[in-house]
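Engineer: The residues making up each chain are set out below.
2 protein chains.
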Amino acid sequence: MIYLDNAATTWPKPPGVERAMIETLREKGANPGRGGHQMSLAAGRVIYQTRELIAQLFGIRDPSRVVFTLNCTEALNLALKGLLRPGDHAVISSMEHNSMVRPLKALSYNGVEYTVVPCNERGELALDDLERAIRPHTRLIALTHASNVAGTLLPIAEAGKVARRHGLTFLVDAAQTAGIFPINADELNIDLLAFPGHKGLYGPPGTGGLYIREGIPLVPLKHGGTGSSSGSVEQPETMPEMYESGTVNTVGIAGLGAGVSFVLQEGPEKIRQREESLLERLREGLAAIPGMKIYGPAAGSQAPTLAVNLGDTDSAEVAFLLDRVYQIGVRAGLHCAALAHRTLGTAKQGVVRFSLSYFNTREEIEATIQAMEELSKELL
Amino acid sequence: MIYLDNAATTWPKPPGVERAMIETLREKGANPGRGGHQMSLAAGRVIYQTRELIAQLFGIRDPSRVVFTLNCTEALNLALKGLLRPGDHAVISSMEHNSMVRPLKALSYNGVEYTVVPCNERGELALDDLERAIRPHTRLIALTHASNVAGTLLPIAEAGKVARRHGLTFLVDAAQTAGIFPINADELNIDLLAFPGHKGLYGPPGTGGLYIREGIPLVPLKHGGTGSSSGSVEQPETMPEMYESGTVNTVGIAGLGAGVSFVLQEGPEKIRQREESLLERLREGLAAIPGMKIYGPAAGSQAPTLAVNLGDTDSAEVAFLLDRVYQIGVRAGLHCAALAHRTLGTAKQGVVRFSLSYFNTREEIEATIQAMEELSKELL
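Taken in sequence, the protein lines are chains B and R.
Offset between the first sequence (1-based) and the working numbering: plus 1.
Offset between the second sequence (1-based) and the working numbering: plus 1.
Watch out, some of these pointers could steer you wrong.
To be verified - Simulated pairs of lysine to any residue, SDA-like, Cα-Cα distance not exceeding 25 Å:
id: 1; chain 1: R; residue 1: Lys106; chain 2: B; residue 2: Ser377
id: 2; chain 1: B; residue 1: Lys349; chain 2: B; residue 2: Arg284
id: 3; chain 1: R; residue 1: Lys106; chain 2: B; residue 2: His138
id: 4; chain 1: R; residue 1: Lys349; chain 2: B; residue 2: Gly37
id: 5; chain 1: B; residue 1: Lys349; chain 2: R; residue 2: Gly37
To be verified - Label-pair ranges, simulated between beta-carbon atoms:
id: 6; chain 1: R; residue 1: Ser302; chain 2: B; residue 2: Ala348; range: 35 to 45 Å
id: 7; chain 1: R; residue 1: Gly268; chain 2: B; residue 2: Ala348; range: 37 to 47 Å
id: 8; chain 1: R; residue 1: Arg46; chain 2: B; residue 2: Asp313; range: 57 to 67 Å
id: 9; chain 1: R; residue 1: Glu24; chain 2: B; residue 2: Leu128; range: 40 to 50 Å
id: 10; chain 1: B; residue 1: Gly301; chain 2: R; residue 2: Ser233; range: 31 to 41 Å
id: 11; chain 1: R; residue 1: Asn111; chain 2: B; residue 2: Ile217; range: 13 to 23 Å
id: 12; chain 1: R; residue 1: Pro291; chain 2: B; residue 2: Thr239; range: 38 to 48 Å
id: 13; chain 1: B; residue 1: Glu281; chain 2: R; residue 2: Ala43; range: 23 to 33 Å
id: 14; chain 1: R; residue 1: Ser109; chain 2: B; residue 2: Glu281; range: 54 to 64 Å
id: 15; chain 1: B; residue 1: Phe360; chain 2: R; residue 2: Arg46; range: 33 to 43 Å
For the record, the hints were derived by calculation from the structure and aren't laboratory data.
Every residue gets a Cβ at the ideal spot worked out from N, C-alpha and C, and that includes glycine.
Chain B with its partners taken away, still in its complex shape (with noise of 0.2 Å):
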């Protein structure tokens, strides 16, 4: 099959993923931090190698502040709900994930409030009305680094900035852009960075993470034993374990490891190029067929995903053919954003989202142009 819904989880993986999987599990199957033998070293080796190319990849400096999580929505959970008090407010644009939002909306019914900023019809977010939705009682900015749905950048640099000057502390959910642009979460002025382990890292799914600069304050989202400080119920102060309580993702986080090993080698930056080429080749083509409508941003850089519509055809029914009839994969629908949708318009329709990663093909580009066209042909 032809797949296009990397921006869900990528897939193929590159081949050293399998390969790392595989000899953790048959070879340092034991439990990291729980013992002292040889085996459970070798596990914690292994978590924390995935942790060191982590924090190389996005500029930290002190690899034990990545936390890792099951996915990007615990990291996100665990930033909004471990930061956020009664009282305190958030700010955050009208085209965040669902991940970004339901957290919000459940705090909200504990005294936490928010404010959403709209964004245009494109998905762009205006620096100005950042800025004014910040209120005395503020703690937080909180942005998606691209939209899930229609790929659209947010200004994260700048919006850094603002949180900066307001002394306010700066969340990014990089769900869609890890290991496809450059991110330095110093440079950047970021706080808490959410990532997942599954889509442009490479990694296998189960895996995800959150960096916490230091000296952000995070009530952790679970307790429990740390393999640290075992003769206190309290929760251990010390990172990673602080946020890590239980048995964590051995065998998954040596696939992520091998996932970012992956993105470093070839370089985002290559990949970028790559999925930037094709994606502007998928845009070209569609875009030439009649009743076609393309959602996001006008050109430029976006993250690698193409929300179209085709007429007022049902996007399900356009995904549902791709599938069984030119065995593409899509997804259709509304993609667990619903402000989003609302923002560009397609709360209704849904969109038929095309979402690339490094391994799709010039040929498969075309492939999907011509079933479009024809299903165009056939459906308006």
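Once you've looked at the hints, dock chain R against the given chain B.
Structural biologist: Chain R only, in chain B's frame:
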């Protein structure tokens, strides 16, 4: 090496586990429930099949009441933090793991109270003591099924009846018993059953879950995208999506399915008999060594875990020598169970813990006994 640290995580895994993981990574690597295309549906089936197998193992009628988590610790956090509100009171035993005690300690700062019912020096819990700890505002009885330190079984069948009689919710931590002892959630009056995927169920790390009986109202630990009700910023209340925000560990859950299949195929009874027979031989062999202190129940049924000390020798020293000289991997020190060590009187010395799985052999046990004999001569 001789791996006797199975209470931390079992190793090796049955061969089917690796096969299932590779197959899912290679052929079903899409995001389940996030798209209608073929590969996404295939991934969804993998998840559902594992849910069904777990439901079958634990006598759960509705598989959708089984929620996947990163590990057993997350399941316990979801159960405790999801259920208990300020003013509520919980009753636990003094043999609980830190994954039970630390969340409660954290909740206690928000007005939740809990009583720790002391067990005797073998880790045994008296039902009368448990019942006497119930107060008018008690909402929950929460017990580990077996101590992770000494293997002592707690009387969960009787405790479940006590909970029912008093109209209390009953939470069982099956970290050391899932896949080893028969657990029928209905028959045992269990409302919340937390289990790891990577111990007695022989799945990979990064897997675990919580069974939530219908009608038990839990606030989710994490909110976010669920692939359902995407148009709403409110968390959906459908099962299991309500508690599974973000991308699940598809590859790990595929492995877990193979692990549970293995358990169901071999039969928990056969697994337990084999482990009990190995444990009995280990106990008998170690008991004959001068200066050996053995903790936990005097005889009879227990989890396949034996806690010992060689005279007053530091448990970490014994474990170190077992590893370096004899290539035997065990855990020493305090086992993420502050209260349990105080109960057993081992808070200072810790214990050397031998924990077995179905894959250990008689030869390994004999070699371990011999190693301990030699260490006894050398150290005492």
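Engineer: Look at the Cβ atoms of R:Arg46 and B:Asp313 and judge whether their distance stays inside 57 to 67 Å.
Structural biologist: This hint is violated: roughly 33 Å between Cβ atoms.
Engineer: So the hint says 40 to 50 Å: do the beta-carbon atoms of R:Glu24 and B:Leu128 match that?
Structural biologist: holds, 48 Å
Engineer: Using the Cβ atoms, figure out if R:Gly268 sits within 37 to 47 Å of B:Ala348.
Structural biologist: For R:Gly268 and B:Ala348 the Cβ distance comes to about 52 Å; the hint is violated.
Engineer: Just tell me: holds or violated, for the beta carbon distance of R:Ser109 and B:Glu281 against 54 to 64 Å?
Structural biologist: holds, 57 Å
Engineer: CA of R:Lys106 to CA of B:Ser377, is that 25 Å or under?
Structural biologist: violated, 61 Å
Engineer: Has the given pair, B:Lys349 with B:Arg284, been kept, meaning a C-alpha gap of at most 25 Å?
Structural biologist: Roughly 23 Å between the alpha carbons, so the hint for B:Lys349 and B:Arg284 holds.
Engineer: Is the Cα-Cα distance between B:Lys349 and R:Gly37 25 Å or less?
Structural biologist: holds, 18 Å
Engineer: Check whether the Cα positions of R:Lys106 and B:His138 lie no farther apart than 25 Å.
Structural biologist: Between R:Lys106 and B:His138 the Cα gap is close to 29 Å, so the pair fails against 25 Å, i.e. violated.
Engineer: Do the Cβ positions of R:Ser302 and B:Ala348 conform to the proposed distance bound of 35 to 45 Å?
Structural biologist: With Cβ atoms ~58 Å apart, the hint is violated.
Engineer: Could you see if the CB distance from R:Pro291 to B:Thr239 stays within 38 to 48 Å?
Structural biologist: The hint (38 to 48 Å, Cβ to Cβ) holds, given that R:Pro291 and B:Thr239 are roughly 40 Å apart.
Engineer: CB of B:Glu281 to CB of R:Ala43, is that within 23 to 33 Å?
Structural biologist: Holds, at about 31 Å.
Engineer: Decide if the proposed pair is consistent with the structure: R:Lys349 and B:Gly37, CA atoms, cutoff 25 Å inclusive.
Structural biologist: holds, 18 Å
In summary, the structure is inconsistent with hints 1, 3, 6, 7, 8, 15 from the numbered list given earlier, while agreeing with the others.
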